[in-house]
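Colleague: Full structure from sequences and hints, please.
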Amino acid sequence: MLGSNAAEMVYLGARDLSRYKLRSGLTMLGIVFGVGAVISMLAIGEGSKRKALSQIEMLGIRNIVTWSRKPPQEQQASTKEGTYVSEYGLTFKDLKLIRETVPKVTRVVAGRDVRQDVFVGRKLMTTRVLGTEPAYAEVMNFKPARGRFLVSRDIEDRAKVAVITQGVRRELFPLEDPMGKCLRIGSELFEIVGVMEPRGEGGKSASAADLDRDIYIPFTTALAAYGTLSIRMETGYREVSRLELDEVIVQAEDKESVTEVAKVIEAILKKNHEKQDYVEKVPLDLLLQAKQHERIWNVVMGSIAGVSLLVGGIGIMNIMLASVTERTHEINIRRALGAKRRDIIVQFLVETVVLSLFGGITGIAPGALGAKTVTGYAGYDTVVTAFSVVLAFGISAAVGIIFGIYPAWKAAYMDPVEALRHE
Amino acid sequence: MALVELRDIDKTYQMKDVAVKALAGVSLDFARGEFVSIMGPSGSGKSTLLAILGCLDRPTSGHYTLNGQDVSLASDDSLSDIRNREIGFIFQSFDLIEQLSVLENTEVPLFYRGISRGQRRRKALEAIDRVGLSDRAAHLPRELSGGQCQRAAIARALVNDPVILLADEPTGNLDSKTGGEIMEVFKQLHRSGRTILLVTHDRDLAEQGDRIVQLMDGAVVDGGN
Ligand SMILES: Nc1ncnc2c1ncn2[C@@H]1O[C@H](COP(=O)(O)OP(=O)(O)O)[C@@H](O)[C@H]1O
Ligand SMILES: [Mg+2]
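Protein sequences, first through last, are from chains D and W.
Each residue of the first sequence is one higher than the one before, counting from 15 in this note's numbering.
Each residue of the second sequence is one higher than the one before, counting from 968 in this note's numbering.
Hints in this document: simulated from the structure, not taken from any laboratory.
Note that this is a predicted model, so its numbers are computed, not measured.
A hint or two may mislead.
[Unchecked claim] Derived lysine-lysine pairs resembling DSBU-like cross-links, with alpha carbons at most 35 Å apart:
hint	chain 1	residue 1	chain 2	residue 2
1	W	K988	D	K424
2	D	K35	W	K1090
3	D	K424	W	K983
4	W	K1154	D	K424
Modeller: Quick look at the structure:
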């Protein structure tokens, strides 16, 4: 009689429970909280993981990224009245050393931000114009959607070509096709030869949004046209900074060599730089860090969820035991009418599982809501995945079965002869 | 061969320090189609006998053969099946399941027999019709009078077409007029060939059957074979 009547048993079970709405509702609370905690835990964990992953994906998992940074404690040498010169950052020498001495490396790509305004006609855009090399696209796993990325001919010829990203296209060419159009960078004209694909999911993560506003020109062109000096006018003084490279991206052969490569680069840079005028970032470390955070988070939230579920389960067991006692007579009648012990077990298990599943379903919304609230503080989106919903179902069903077995067993092993003795 | 054969049935209830002998050496035969009344003072073992006949309990010793099958040796699951298919119970206090309608109560034995929903509905309505309760099929037990409840219980007992009906004081909770109506239902079932065992205190009712079995202190003192 099982199986074919499953839907009916669930219906009857739900109907029996609905006879005691308040009691059933209160009994469910523990499960509601437990599942809520599981859902929000997973949603927050998933959100932070996705954020970390998208950042890491932007930076490349096999990459070691180094940036130039103006040292915070820079003593600015004053040459003339009102003029400051600062010299810092990664150098051509660093690049050469890294290229020639670091083992287990597939590609090394240099980048130089020319720090110039960009115009199309009279329309101005202030953004990063990066002089770089053809391998940049591969290293960053970034592909052109139209046209092409930079090629080695562009480097050799110091070609005046530019590849733009979606953010630039939206801002400077909202209505027209940018391919083949001209772009003025500082005082030089460039032809647009490619448009990159969109970067990042809806540009939610900050780093993705940044990358989606870049303009790429050949590395050699950047140096030839703009040199290594940049001059910034501030009210009252001029600041001149000399800076050879803005970034060097090193791609390791495989994930396993990343840490080793990073150490070698670190050693080289340390030796050649007295001041902390560079930053080294290893995306893989970020990933490991994210994983570590996730683990701690899961332990904390898992314990909360576990305790709620345990309390909820015990509550359910308690109620079901009371219900079995209350319904002794019904059970005896059912047995007298031909119910086997397993029929009684199934009947009560179904009721317990319906109760806890209902609690579980009810817990999903508050869980998601809780996660959303956390989103406000954490600064990233929380994601309720299909998996976590399925898991919530699984957990609540399991709680129902585990804590329902004893009451159901008690019901099934009562003596049916009492059916005759009832007065 | 008789439909029911009891041979030397003993039933002893073991309490903490005393043993209560509820049945001692009961041997009885009931033929197919018989309407037998069982009488005896309170505590004489009537309910115990009915529990054993109804496969709700096992004798401490002795043999019980129902419809050619030795029931004394059956497993718990087989006993459930026997109760489901061969036996119809009617209790003193009606014993309908309170949260189920008359129709649903009547469907319960069919449900445990594994009969499909549509068939179940049809058979249950038929049985309800036979006891004249069609217009109350959707009602809950608490919305019915005692007589109507007992009719519903009879419909439920009949629905699987059992070989024997066991009734324990079925009119005990009814006024005499309604009790008489219920007795009419039993007599009609008897005329249509049912085997009925009726436990009662009331000699007038008992005399409406074919035979009266008199119990005293767990033994048959009159009406045995
Ligand atoms: N579960 C039980 N435990 C102990 N003694 C019982 C039990 N059921 C019945 N008895 C005893 O068995 C005897 C017969 O009881 P019962 O069959 O109910 O008699 P009747 O139905 O004729 O009143 C009584 O002495 C009763 O006290
Ligand atoms: Mg009795």
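Colleague: Each hint should be assessed against the structure and marked as holding or not.
Modeller: Right, here's what the structure says about each hint:
This hinted pair checks out: K988(W) and K424(D) have alpha carbons roughly 28 Å apart, not beyond 35 Å. For a cut-off of 35 Å, the pair hint linking K35(D) to K1090(W) stands: about 33 Å separates their Cα positions. For the hint pairing K424(D) with K983(W), the CA-to-CA distance comes to about 22 Å; that is within 35 Å, so the pair holds. Using a Cα cut-off of 35 Å, the hinted pair K1154(W) and K424(D) is violated, with the two alpha carbons roughly 40 Å apart.
Comparing the model with each earlier hint shows a violation of hint 4 alone; every other hint is respected.
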